[in-house]
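Visitor: Read off the chains here:
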Amino acid sequence: MARMKFLCDADRCIECNACVTACKNEHEVPWGINRRRVVTLDDGKPGERSISMACMHCTDAPCAAVCPVNCFYTTADGVVLHSKDLCIGCGYCFYACPFGAPQYPKVGNFGSRGKMDKCTFCAGGPEADGSREEYEKYGANRLAEGKLPLCAEMCSTKSLLAGDGEIIAQIYKERVMKRGYGSGAWGWKTAYRETIES
Amino acid sequence: MAYFARLVRLAIGAGALLLLVSAASPSIAQQINPTASAVKEQQLLQELNRIQGRVSIPDQRSGVLEQPAGREWREFRNVTLRWIGGVAILGMLAVLIIFYLSRGMVRLESGRSGRTIVRFTSFERFVHWLTATCFIILAVSGLNITFGRPLLLPLIGHEAFSEWSQWAKYAHNYLSFPFTIGVVLIFLMWIAGNIPNKVDVDWVKRGGGIVGHDHPPAYRFNAGQKAIYWIVVIGGGLVAATGYALMFPFYLSGIEGMQLAQIVHSIVAMLFVAAMLAHIYIGTIGMEGAFEAMGGGTVDVNWAKEHHRLWLEEENARTGANEARAQPSVTAAR
Chain U
1 MARMKFLCDA DRCIECNACV TACKNEHEVP WGINRRRVVT LDDGKPGERS ISMACMHCTD
61 APCAAVCPVN CFYTTADGVV LHSKDLCIGC GYCFYACPFG APQYPKVGNF GSRGKMDKCT
121 FCAGGPEADG SREEYEKYGA NRLAEGKLPL CAEMCSTKSL LAGDGEIIAQ IYKERVMKRG
181 YGSGAWGWKT AYRETIES
Chain D
1 MAYFARLVRL AIGAGALLLL VSAASPSIAQ QINPTASAVK EQQLLQELNR IQGRVSIPDQ
61 RSGVLEQPAG REWREFRNVT LRWIGGVAIL GMLAVLIIFY LSRGMVRLES GRSGRTIVRF
121 TSFERFVHWL TATCFIILAV SGLNITFGRP LLLPLIGHEA FSEWSQWAKY AHNYLSFPFT
181 IGVVLIFLMW IAGNIPNKVD VDWVKRGGGI VGHDHPPAYR FNAGQKAIYW IVVIGGGLVA
241 ATGYALMFPF YLSGIEGMQL AQIVHSIVAM LFVAAMLAHI YIGTIGMEGA FEAMGGGTVD
301 VNWAKEHHRL WLEEENARTG ANEARAQPSV TAAR
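Chain order of the listed sequences is U and D.
If you use this note's numbering, the first sequence corresponds to residues 1 to 198, in order.
If you use this note's numbering, the second sequence corresponds to residues 1 to 334, in order.
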């Protein structure tokens with residue numbers, strides 16, 4: 001089975017935010033929540049880099065480890081998903097996540113945060129694949145249709161890669177070799193405890 | 001002369017051009033490797049253990065790209081806290097059981113006199129039970145967050161456990177308000193009797209009324225009760241403040257602040273629960289005649305004499321006139 005991962009080639013990201021918009025549109029993400037965002041480091045200075053970031057679907061995911069009701073599960077593809085029926089909106093995953101992925105629709109409203117929402121790697125949730133309930137709670141299930149996450153699929157510079165970790169690592173390695181530089185696979189060390197040697 | 005000046009100008013011009021070329025060469029080198037001056041992930045993480053940038057979406061808090069500190073927090077939440085809580089609470093229960101088995105209920109040595117004296121007014125008792133009821137629900141729902149997943153979830157299953165935890169979370173959040181009001185009222189209402197003084201030193205030296213076998217004098221509150229008072233005021237204040245920081249995310253701090261708030265909240269809460277177990281023990285099966293104080297509001301005069309002699313003397317001095325009148329009614333009761 002493939003081990004799904006995201007990889008953002010920061011040397012290619014032009015901060016167009018199309019991944020952010022595509023994600024919001026594809027999944028009809030609730031108002032105020034961004035499952036994906038583009039962060040620019042050293043903005044306007046030499047060496048400025050932009051990185052598109054969402055849930056990294058960590059190996060041994062911290063969110064799943066700290067969840068008091070154990071509502072997370074990892075699919076056979078290595079995608080970290082959760083059940084909104086079991087989630088109690090306590091906020092623990094959001095304290096533990098290194099990437100700021102878990103978000104809540106009603107932040108700060110007397111603790112009634114609502115059910116946590118995060119990137120699903122376009123893989124829906126525990127409901128039947130492609131069902132109406134699944135779409136309403138988690139958004140589209142593109143993986144079940146044999147498609148990869150939309151953010152990466154429509155990335156204009158092919159900076160954002162999504163797919164089997166070994167394949168996208170290989171693509172990135174070849175790029176680095178060809179152009180002679182690369183600022184590394186951002187977040188990989190934190191998420192997967194490994195990085196791509198380049 | 002004009003020719004010489006032209007030569008000088010030419011020399012200066014050539015020098016300037018040379019300078020310009022040499023200054024420009026590093027920028028040519030940069031174009032060859034654009035990552036030479038680029039930010040490096042590991043370097044940024046080593047510097048701050050957190051990477052923050054700029055985002056163009058309205059949610060500025062999402063500008064934090066990476067914060068691996070959650071890993072230490074996870075270790076605390078899943079391992080350290082369970083040890084602290086387990087040792088504090090089970091340890092306290094074990095101590096209380098052993099103490100009860102060896103000492104038993106501390107009896108009234110002189111028996112009951114049949115005369116009673118008001119110890120807590122109805123308002124004081126209302127505040128106490130308001131805080132106590134909230135505390136018990138807060139403690140159970142809070143312990144559920146730490147110990148529910150390994151202990152209760154396997155017994156009742158995912159759906160039932162989530163349903164219960166959801167209600168427990170609502171109770172935890174909403175009952176924090178009456179609990180905080182209770183703590184504030186306790187602080188104001190009993191502060192006068194809870195300032196430590198010289199009598200307390202002697203009381204502690206003689207082991208108080210529960211550990212030791214004699215009855216060191218005490219005013220309205222003895223050193224043990226004063227300790228409970230300050231545990232409630234300081235512990236309650238800390239859990240309330242940190243709890244509200246968690247309930248209203250980002251009002252006071254970012255994620256690191258919330259991790260810290262959760263650490264303080266949970267450790268103080270675990271110790272608080274352990275301390276309250278001891279308080280409940282002494283107030284119920286640990287000491288004869290103690291529950292009446294908070295139950296009906298009155299205590300037997302002999303109980304007051306044994307445990308709070310100085311307070312009883314104060315009360316008698318204050319209501320000396322009533323003392324004479326109280327006498328006949330007592331005989332009638334006999």
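By construction, these hints were calculated from the structure, which means they are not laboratory data.
Treat the hints with care, as some may be off.
To give an idea of the interface, some chain D residues facing chain U are shown, with a C-beta separation under 10 Å as derived from the structure [what the hints assert, rightly or not]:
no., residue
1, Leu45
2, Asp59
3, Gly70
4, Trp73
5, Thr80
6, Arg125
7, Arg149
8, Leu153
9, Ala317
10, Arg318
Residues of chain D clear of chain U, computed beta-carbon distances all greater than 12 Å [as the list claims (entries may be wrong)]:
no., residue
11, Arg6
12, Val55
13, Pro58
14, Ala69
15, Ser113
16, Phe147
17, Trp167
18, Ala168
19, Leu260
20, Ile263
21, Ile282
22, Leu310
Note that CB positions come from ideal geometry on N, CA and C, so glycine has one too.
Visitor: Indicate, hint by hint, whether the structure satisfies it.
Guide: Here is what the structure says about each hint:
Because the smallest distance between the Cβ of D/Leu45 and any Cβ of chain U comes to about 8 Å, under 10 Å, the interface hint for this residue holds. Annotation: interface hint on D/Asp59 holds; nearest CB of chain U at approximately 6 Å, less than 10 Å. About 4 Å separates the beta-carbon of D/Gly70 from the nearest beta-carbon of chain U, less than 10 Å, and the hint is met. For D/Trp73, the interface hint holds, the least distance from its beta-carbon to any beta-carbon of chain U being 6 Å, beneath 10 Å.
With its C-beta approaching chain U no nearer than about 13 Å, D/Thr80 sits outside the 10 Å limit, and its interface hint is violated. The closest approach between the C-beta of D/Arg125 and any C-beta of chain U is roughly 29 Å, which is over the 10 Å cut-off, so the hint fails. Of the supplied interface hints, the one on D/Arg149 holds, with its beta-carbon coming within about 6 Å of a beta-carbon of chain U, less than 10 Å. With a least beta-carbon distance of about 6 Å to chain U, the hint placing D/Leu153 at the interface is held under the 10 Å criterion.
For D/Ala317, the interface hint is violated, the least distance from its beta-carbon to any beta-carbon of chain U being 50 Å, above 10 Å. Because the smallest distance between the Cβ of D/Arg318 and any Cβ of chain U comes to about 46 Å, over 10 Å, the interface hint for this residue is violated. For D/Arg6, the shortest C-beta to C-beta distance to chain U comes to about 40 Å, beyond the 12 Å cut-off, and the non-interface label holds. A Cβ of chain U approaches the Cβ of D/Val55 within 12 Å, the least distance being about 5 Å, so the stated non-interface status is violated.
For D/Pro58, the requirement that its beta carbon stay farther than 12 Å from each beta carbon of chain U is not met, with the minimum near 8 Å. Taking the minimum C-beta to C-beta distance to chain U, about 8 Å, the non-interface status of D/Ala69 is violated against the 12 Å cut. D/Ser113, annotated as away from the interface, keeps every beta carbon of chain U farther than 12 Å; the closest lies near 50 Å. Taking the minimum C-beta to C-beta distance to chain U, about 9 Å, the non-interface status of D/Phe147 is violated against the 12 Å cut.
Under the 12 Å C-beta cut-off, the non-interface status given to D/Trp167 relative to chain U is violated; the minimum distance is some 9 Å. Under the 12 Å C-beta cut-off, the non-interface status given to D/Ala168 relative to chain U is violated; the minimum distance is some 8 Å. Here D/Leu260 does not stay apart from chain U, with its beta-carbon only about 10 Å from theirs, under the 12 Å limit. In this structure D/Ile263 is not separated from chain U by more than 12 Å, as the shortest Cβ-Cβ distance comes to only about 10 Å.
Every Cβ of chain U is farther than 12 Å from the Cβ of D/Ile282; the closest lies at roughly 32 Å, confirming the non-interface assignment. Every Cβ of chain U is farther than 12 Å from the Cβ of D/Leu310; the closest lies at roughly 45 Å, confirming the non-interface assignment.
Comparing the model with each numbered hint stated earlier shows that hints 5, 6, 9, 10, 12, 13, 14, 16, 17, 18, 19, 20 do not hold.
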